[in-house]
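Engineer: Put chain B on the given structure of chain A with help from the hints.
There are 2 protein chains.
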Amino acid sequence: MNPSSCNVAGKKVLIVYAHQEPRSFNASLKNVAVAELSKQGCMVTVSDLYAMDFEPRAIRKDIIGDLSNPEVFNYGVETYEAYKKKSLASDIIDEQKKVREADLVIFQFPLYWFSVPAILKGWMDRVLCQGFAFDIPEFFYNSGFLKDKLALLSVTTGGTAELYTKAGVSGDFRYFLWPLQHGTLHFCGFKVLAPQLSFAPEFVSEEERKGMVASWAQRLKTVWEEEPIPCMPSWYFGQ
Amino acid sequence: MNPSSCNVAGKKVLIVYAHQEPRSFNASLKNVAVAELSKQGCMVTVSDLYAMDFEPRAIRKDIIGDLSNPEVFNYGVETYEAYKKKSLASDIIDEQKKVREADLVIFQFPLYWFSVPAILKGWMDRVLCQGFAFDIPEFFYNSGFLKDKLALLSVTTGGTAELYTKAGVSGDFRYFLWPLQHGTLHFCGFKVLAPQLSFAPEFVSEEERKGMVASWAQRLKTVWEEEPIPCMPSWYFGQ
Numbered sequence: 100m101n102p103s104s105c106n107v108a109g110k111k112v113l114i115v116y117a118h119q120e121p122r123s124f125n126a127s128l129k130n131v132a133v134a135e136l137s138k139q140g141c142m143v144t145v146s147d148l149y150a151m152d153f154e155p156r157a158i159r160k161d162i163i164g165d166l167s168n169p170e171v172f173n174y175g176v177e178t179y180e181a182y183k184k185k186s187l188a189s190d191i192i193d194e195q196k197k198v199r200e201a202d203l204v205i206f207q208f209p210l211y212w213f214s215v216p217a218i219l220k221g222w223m224d225r226v227l228c229q230g231f232a233f234d235i236p237e238f239f240y241n242s243g244f245l246k247d248k249l250a251l252l253s254v255t256t257g258g259t260a261e262l263y264t265k266a267g268v269s270g271d272f273r274y275f276l277w278p279l280q281h282g283t284l285h286f287c288g289f290k291v292l293a294p295q296l297s298f299a300p301e302f303v304s305e306e307e308r309k310g311m312v313a314s315w316a317q318r319l320k321t322v323w324e325e326e327p328i329p330c331m332p333s334w335y336f337g338q
Numbered sequence: 100m101n102p103s104s105c106n107v108a109g110k111k112v113l114i115v116y117a118h119q120e121p122r123s124f125n126a127s128l129k130n131v132a133v134a135e136l137s138k139q140g141c142m143v144t145v146s147d148l149y150a151m152d153f154e155p156r157a158i159r160k161d162i163i164g165d166l167s168n169p170e171v172f173n174y175g176v177e178t179y180e181a182y183k184k185k186s187l188a189s190d191i192i193d194e195q196k197k198v199r200e201a202d203l204v205i206f207q208f209p210l211y212w213f214s215v216p217a218i219l220k221g222w223m224d225r226v227l228c229q230g231f232a233f234d235i236p237e238f239f240y241n242s243g244f245l246k247d248k249l250a251l252l253s254v255t256t257g258g259t260a261e262l263y264t265k266a267g268v269s270g271d272f273r274y275f276l277w278p279l280q281h282g283t284l285h286f287c288g289f290k291v292l293a294p295q296l297s298f299a300p301e302f303v304s305e306e307e308r309k310g311m312v313a314s315w316a317q318r319l320k321t322v323w324e325e326e327p328i329p330c331m332p333s334w335y336f337g338q
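Chains A and B supply the protein sequences, listed in that same order. Everything in the first sequence is counted per this note's numbering, starting at 100 for the first residue and increasing by one. Everything in the second sequence is counted per this note's numbering, starting at 100 for the first residue and increasing by one.
Everything labelled a hint here was simulated from the structure, so no lab data went into it. It cannot be assumed that every hint is accurate.
Pairs involving identical chains hold if they fit within one copy or between any two copies, as the list cannot separate such chains.
To be verified - In silico DSBU-like pairs for lysine-lysine, Cα to Cα no more than 35 Å straight-line:
id: 1; residue 1: K185; residue 2: K320
id: 2; residue 1: K160; residue 2: K196
id: 3; residue 1: K309; residue 2: K160
id: 4; residue 1: K184; residue 2: K320
These numbers come from a predicted model, not from an experiment.
If we strip away everything but chain A, and leave its shape as in the complex, we get (with noise of 0.2 Å):
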């Protein structure tokens, strides 16, 4: 650890990963950030979610026991019910812990859909429940449980980074990450850093998925000193 390092020394970090192969990009950036950061002194977990087989269905059995109306369903309500009898279902309350405990949390993946894979999904519609990570109707957005955490999205694409402008087929980048950025994680109270977009890594040199690499790891080597990017639709949107 250089001295530089000191203050950050002790940080916590969860990366949330969802590929499927050890060999990937995506692995690549995950491997990279987490070397990097434990370079630093933080202590960095990892939720490999496809190699933890992590469940994505929102189902009864996220419920241990009795449901408060076993009459009529809803998730919403049984989670938030669950989550504060402790009844929710272990890995749930696994990841919970892992999030509770962590200064930042680094969400790694390939863009399925203009949005996460998944599995990924699965892991924000279980984890982040309410009572947890918000409550109605005072503590979400800037009250949300969450607040004094950072968060970011490191992102691989299929598509090059022209298509994602406004003038391009799909859109401002911007746009996709409204429903990510804001509608869960800043929902949650997370302070939002600015995304870290690899474009169409599938479609360059090995020279050049290096460089993206070393990239990210030089980014993460001040991540600590960043400011969030503002919470506000004019960031997406422009105006």
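Structural biologist: Okay, now just chain B, sitting in the frame of chain A:
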């Protein structure tokens, strides 16, 4: 069947339905759609994802037999090859058959984190594969393989309509529709009909809920006469 519906008799509709509870408001919307469209003489198929225990994860098991590259698993590449070789998993093939036969696909779901529940995201990730729904570099967006079909999102929300306005904390509802309607459905070629939004059914009276169900049934009476929404960012973000 009444005479005015003769031109729609025989039309095929697939309802992809993602709610756990047969007595839910989402189920009521699904049921009334089945009833109304059947009354018109349409052939209606329902994919009840939770009842089917539909697999949301994009995994190796989706490809039967050998991989084209066993060294490094690339889900997109492998499912594209498997589609061409007819070696996709049978649950994917079954859903693709239903989509292929459908004139209209209706997605009925509660909004989870500004998007579809993971089980429905998994349906999109796994069923709408390259080769079946689109191909690169030629057959996507207006040239997507599903371009002769209509699609319609019927969404229930937790939040009220006021939250989902330009001035509301959750932003205009069109913002969260972008990845689904444009990034997914339009990408595959679907002509997208206006979404059916049922806001905050949990927080209104039983009478108002019945009104929402009735207005959905009413809309479906003339759904075949509707014009698709324009496939442009301006529909979503104004200008």
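Engineer: All the hints need checking, so say for each whether the structure fits it.
Structural biologist: Quick rundown of the hints versus the structure:
| no. | hint | verdict |
| --- | --- | --- |
| 1 | K185 - K320 | neither (38 Å within a copy, 47 Å between copies) |
| 2 | K160 - K196 | both (19 Å within a copy, 31 Å between copies) |
| 3 | K309 - K160 | between (43 Å within a copy, 30 Å between copies) |
| 4 | K184 - K320 | neither (41 Å within a copy, 46 Å between copies) |
The structure fails hints 1, 4 (numbered hints given earlier, in ascending order).
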